[in-house]
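Asks: Note that the protein sequences, when read in sequence, are chains A and B.
Numbered by this note's numbering, the letters in the first sequence go through residues 1 to 553 in order.
Numbered by this note's numbering, the letters in the second sequence go through residues 1 to 553 in order.
In short, the hints are calculated from the structure, not lab data.
Misleading hints may appear alongside valid ones.
[Stated by the list, open to error] Cut-off 20 Å, straight-line C-alpha distance, at most; resulting in silico cross-link-like pairs (EDC-like, lysine to aspartate or glutamate):
no.	chain 1	residue 1	chain 2	residue 2
1	A	K155	A	D143
2	B	K7	A	D413
3	A	K346	B	D172
4	A	K346	B	E302
Here are the chains, one letter per residue:
There are 2 protein chains.
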Amino acid sequence: MTGTMMKVPLRVIDLLRHANRNHPRVEVVSRRVEGDIQRYTYADAYRRVCQLARALDRLGVGKDARVGTIAWNGYRHLELYYACAGLGAVCHTLNPRLLTEQLTWIARHAADEILFFDATFLPLVEELRPQLPGVRHWVLMGDQESTMGRDAAAKITGLLFHENLIAGELADDLEWPNFEESQICGQCYTSGTTGDPKGVCYSNRSTVLHAYAAALPDSLGLSARDTVMPVVPMFHVNAWGLPYAAPMVGAKLVLPGPALDAQSLYDLCEAERVTIAAGVPTIWLGVLDHLRSSGAAFGSLERIVIGGSAASEATIREFESVHRVRVIHAWGMTEASPVGAINQFKPVHDALDADARHRLQTKQGREPFGIEMRIETESGEPAPRDGLTPGRLLVRGPWVVGTYAGGLDGERDDGWFDTGDVATIDSEGYMAIVDRTKDVIKSGGEWISSIELENTAMGHPAIQEVAVIGRPHQKWIERPLMICVLRPGQQVSATELSSWLGERVARWWLPDAIEFVDNLPHGATGKLLKSRLREQFAHIRFDQVSSCMESHS
Amino acid sequence: MTGTMMKVPLRVIDLLRHANRNHPRVEVVSRRVEGDIQRYTYADAYRRVCQLARALDRLGVGKDARVGTIAWNGYRHLELYYACAGLGAVCHTLNPRLLTEQLTWIARHAADEILFFDATFLPLVEELRPQLPGVRHWVLMGDQESTMGRDAAAKITGLLFHENLIAGELADDLEWPNFEESQICGQCYTSGTTGDPKGVCYSNRSTVLHAYAAALPDSLGLSARDTVMPVVPMFHVNAWGLPYAAPMVGAKLVLPGPALDAQSLYDLCEAERVTIAAGVPTIWLGVLDHLRSSGAAFGSLERIVIGGSAASEATIREFESVHRVRVIHAWGMTEASPVGAINQFKPVHDALDADARHRLQTKQGREPFGIEMRIETESGEPAPRDGLTPGRLLVRGPWVVGTYAGGLDGERDDGWFDTGDVATIDSEGYMAIVDRTKDVIKSGGEWISSIELENTAMGHPAIQEVAVIGRPHQKWIERPLMICVLRPGQQVSATELSSWLGERVARWWLPDAIEFVDNLPHGATGKLLKSRLREQFAHIRFDQVSSCMESHS
Numbered sequence: 001m002t003g004t005m006m007k008v009p010l011r012v013i014d015l016l017r018h019a020n021r022n023h024p025r026v027e028v029v030s031r032r033v034e035g036d037i038q039r040y041t042y043a044d045a046y047r048r049v050c051q052l053a054r055a056l057d058r059l060g061v062g063k064d065a066r067v068g069t070i071a072w073n074g075y076r077h078l079e080l081y082y083a084c085a086g087l088g089a090v091c092h093t094l095n096p097r098l099l100t101e102q103l104t105w106i107a108r109h110a111a112d113e114i115l116f117f118d119a120t121f122l123p124l125v126e127e128l129r130p131q132l133p134g135v136r137h138w139v140l141m142g143d144q145e146s147t148m149g150r151d152a153a154a155k156i157t158g159l160l161f162h163e164n165l166i167a168g169e170l171a172d173d174l175e176w177p178n179f180e181e182s183q184i185c186g187q188c189y190t191s192g193t194t195g196d197p198k199g200v201c202y203s204n205r206s207t208v209l210h211a212y213a214a215a216l217p218d219s220l221g222l223s224a225r226d227t228v229m230p231v232v233p234m235f236h237v238n239a240w241g242l243p244y245a246a247p248m249v250g251a252k253l254v255l256p257g258p259a260l261d262a263q264s265l266y267d268l269c270e271a272e273r274v275t276i277a278a279g280v281p282t283i284w285l286g287v288l289d290h291l292r293s294s295g296a297a298f299g300s301l302e303r304i305v306i307g308g309s310a311a312s313e314a315t316i317r318e319f320e321s322v323h324r325v326r327v328i329h330a331w332g333m334t335e336a337s338p339v340g341a342i343n344q345f346k347p348v349h350d351a352l353d354a355d356a357r358h359r360l361q362t363k364q365g366r367e368p369f370g371i372e373m374r375i376e377t378e379s380g381e382p383a384p385r386d387g388l389t390p391g392r393l394l395v396r397g398p399w400v401v402g403t404y405a406g407g408l409d410g411e412r413d414d415g416w417f418d419t420g421d422v423a424t425i426d427s428e429g430y431m432a433i434v435d436r437t438k439d440v441i442k443s444g445g446e447w448i449s450s451i452e453l454e455n456t457a458m459g460h461p462a463i464q465e466v467a468v469i470g471r472p473h474q475k476w477i478e479r480p481l482m483i484c485v486l487r488p489g490q491q492v493s494a495t496e497l498s499s500w501l502g503e504r505v506a507r508w509w510l511p512d513a514i515e516f517v518d519n520l521p522h523g524a525t526g527k528l529l530k531s532r533l534r535e536q537f538a539h540i541r542f543d544q545v546s547s548c549m550e551s552h553s
Numbered sequence: 001m002t003g004t005m006m007k008v009p010l011r012v013i014d015l016l017r018h019a020n021r022n023h024p025r026v027e028v029v030s031r032r033v034e035g036d037i038q039r040y041t042y043a044d045a046y047r048r049v050c051q052l053a054r055a056l057d058r059l060g061v062g063k064d065a066r067v068g069t070i071a072w073n074g075y076r077h078l079e080l081y082y083a084c085a086g087l088g089a090v091c092h093t094l095n096p097r098l099l100t101e102q103l104t105w106i107a108r109h110a111a112d113e114i115l116f117f118d119a120t121f122l123p124l125v126e127e128l129r130p131q132l133p134g135v136r137h138w139v140l141m142g143d144q145e146s147t148m149g150r151d152a153a154a155k156i157t158g159l160l161f162h163e164n165l166i167a168g169e170l171a172d173d174l175e176w177p178n179f180e181e182s183q184i185c186g187q188c189y190t191s192g193t194t195g196d197p198k199g200v201c202y203s204n205r206s207t208v209l210h211a212y213a214a215a216l217p218d219s220l221g222l223s224a225r226d227t228v229m230p231v232v233p234m235f236h237v238n239a240w241g242l243p244y245a246a247p248m249v250g251a252k253l254v255l256p257g258p259a260l261d262a263q264s265l266y267d268l269c270e271a272e273r274v275t276i277a278a279g280v281p282t283i284w285l286g287v288l289d290h291l292r293s294s295g296a297a298f299g300s301l302e303r304i305v306i307g308g309s310a311a312s313e314a315t316i317r318e319f320e321s322v323h324r325v326r327v328i329h330a331w332g333m334t335e336a337s338p339v340g341a342i343n344q345f346k347p348v349h350d351a352l353d354a355d356a357r358h359r360l361q362t363k364q365g366r367e368p369f370g371i372e373m374r375i376e377t378e379s380g381e382p383a384p385r386d387g388l389t390p391g392r393l394l395v396r397g398p399w400v401v402g403t404y405a406g407g408l409d410g411e412r413d414d415g416w417f418d419t420g421d422v423a424t425i426d427s428e429g430y431m432a433i434v435d436r437t438k439d440v441i442k443s444g445g446e447w448i449s450s451i452e453l454e455n456t457a458m459g460h461p462a463i464q465e466v467a468v469i470g471r472p473h474q475k476w477i478e479r480p481l482m483i484c485v486l487r488p489g490q491q492v493s494a495t496e497l498s499s500w501l502g503e504r505v506a507r508w509w510l511p512d513a514i515e516f517v518d519n520l521p522h523g524a525t526g527k528l529l530k531s532r533l534r535e536q537f538a539h540i541r542f543d544q545v546s547s548c549m550e551s552h553s
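Isolated chain A, as found in the complex (with noise of 0.2 Å):
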């Protein structure tokens, strides 16, 4: 027999309402395309959002109507988020960075209705508008009376605005429609470098159980002292959840914008009293490099969440020990809304040295509740939790994928989500990202990953970029092959560098090949292609037992 407590759905909705009753007074703070500060309180935002959601209904957004965004962090971005959850509708976010040809595609495949976006985008929108027949309207995040909103209109006949949309509509509590937990709300697309991107489709009901698995204390800790600036966009996995777990809690929320260099993220941090930022690496490496030529010091940040890749020990140990901020390590995906693993400490660690705890800190982390890992082996059977065994990463929760938007499957046969990475788990429960399945280097049985092998290479100081990939082996199935670009004016040898790499792993981990090249290819994101390397070098084959090799096993 069932309980009998009350079904009371989760709805992301509520989120927002919660907010509104509790913490009517807290900020929302963003950093607009118009290049100004706006605030207001989650009264305010609330409000807004019953006024979109009535403008949202008169243009016949319907329950499951896609509603596409092409938009940075900002307060009109948020309230998207919240009227089309509320309507029963799916507020779909577009990665600008994209292609045109991808975000056509993407558009489409979506069925995306009408599209809003920030004035920033209006080059990009005149190029996709002709592509996409199927959106309805095209909305301007802003007003038509501004001199942006003025040239927007002049480019784009019937083009509507958001603030002339809302201004008209009832701010009164809305009656908000009743559905499932299950309900769509959200929508966003891998970006694989490989193949057509894929769909997930986030419910209410995953997108609640993430914000409280998210502002647990071993998670990012999130309370209404908190004043959280998500760096990461909006656009890049619902920024990491944070646009829901803030008013979960009532924290304070800064959005900054399309103003991501380091000067004007410290400059907002600084003003709002920030207290927890997220972001990719990338981000807080320009953040440190700027602190480190101003002089600046944090005034009131406490930590910061790095996830998105790996972040360094070098990183973690100079926010920790110059700055004093303390460093999240999490890992996730797209397919896991997106977080998997979150690295905090246990009173276990209490007793390492500083250097240990940076090193812990490499680690990507471990489950919050709800979801679970586990590795298995190449032949797939459970890997052993030692913190040295690597095996296929898979993943399985309520917030994790099981089918992608078309109905393509994602949870395998067994209904866990094979993340495509290869990972160490030890036995307190640490997971550690070893390498992406298709890249690591199955060497005899043995896996060797391509990524610890290219991160040992960046050590060298004539090297500028590296990439490891596998080639064919007669005797070991694959081996490593090492592709360098050299600093501008610096020189090594292969034979100097395999030496150099010898003092620093393990021998049978030594490259069978070092090639040196002017520039290694990328994807539209940013991601190394190891695919169009793996063909560029498809003429070397291992076919001798290299010296090396002789230590193998």
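Chain B: place on chain A using the hints.
Replies: Okay, now just chain B, sitting in the frame of chain A:
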């Protein structure tokens, strides 16, 4: 359309599976009825839960089966919570402080099939057993070979033993049965002062969502760095959910067993380095007394949770100012799993001085996300959230009762649950309990809090105990009657007391009459029986406009 995330149900057993994977070496420490301290890890707990589930399965405990417990806070009780939930069965905690007739009624109503009990309760079980022929097995939570076990076996034929039941079972991981997350996992009866007790049936879903909300930074803020000691009994609304929230976050769990005296609690707290403990005000008054008389200080305790009834400003002040232990005042009820409101500060309160902060802390607090509170006037209109206007307190949310066991309506037609309390809510969302709905005095369209009058009168040095009830009044509908018990050897006249009160409460709150009695009637759980007083003083009717009433309105 539905989102395309995995359909993974929220299950109670997964809380312990999570702790087993991520916190296998974290301890659960119990003071046993055997008198000693038992310690094991979450990994041990999980292994024994697998064994216990196999044993229960062998005894024919299937889906929906009621397993009663009469037990203190301890590891075996914890194992029953999880083994039952994992099987889709129901852990039904019985309150041994109730009268035998009440327990008989409740166990029959729940249809308990098996009854587990701590050796302490053998005399009670001997009384209950002839009354409960439906109970197929009686199980002592200990082992057959102990002195306790032999004694009990001599008295109860066919007695089973927790330790002997599980000893023969495999400890390997179990493939737990699949069921919907709405599946019942626990049952607890309210001990109302009037009418039959009512059963609340918690579901896997409600229990897990409640644990998320309880662990949030602005709730109890639980993490793997904590050591949690629920002093509140596991038979009292599941020890406020701590046996679920602790494994969710990997906190060490300290279970104080039957030794609830201040000295034992203090000793356990110090020995196990407890960081957070939870209990009713009486417990904390005892602890404060002990600290005062012994001059002892806390070494590790950071915060205490006070709920069940209101914490006084004096208690809050002494814990915070003298002992540097932060008080988290909370409000809940059996029908709300129990947490409905928690008092944590916001940044807006940083400017308050210590006195103002302590006064604010006497409020019961604000909603964790998931709970909605509202107050309504006698005519059913929403009362303003001004911190002044009292109203009938209504709550709703996924861990609030919808229907009681047996089909009795819990929620109203409009989907809200009437708590039976009168409360105010301020503009920051902080709720303060004013009175019970049935005890508040409805005087000329305004409400007078019997509790506040009682608390004020308790400040008079001659008063030992006091009750205020409403009596009919020709013009004002109801007016307060105060009934006092004097301290031995003390004297105060009705006129003197009225004049003393007149300096402390609004004139129109002053009782129309003050009576003196030798003692006041109490129920089995120690609650004041105002219903009895209303019968006893039925002859008192205020049919004259009294002098103090001239100032009304």
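Asks: Evaluate each hint against the coordinates.
Replies: Structure-based check of each hint:
For the proposed pair K155(A) and D143(A), the alpha carbon gap of about 15 Å is at most 20 Å, so the pair holds. In summary, the hint linking K7(B) to D413(A) is supported, as the alpha carbons are separated by about 13 Å, within the 20 Å threshold. With a C-alpha separation of about 27 Å, the suggested pair K346(A) and D172(B) falls outside the 20 Å cut-off, and the hint is violated. Restraint check: the Cα-Cα separation between K346(A) and E302(B) comes to about 17 Å, which is no more than 20 Å; the hinted pair holds.
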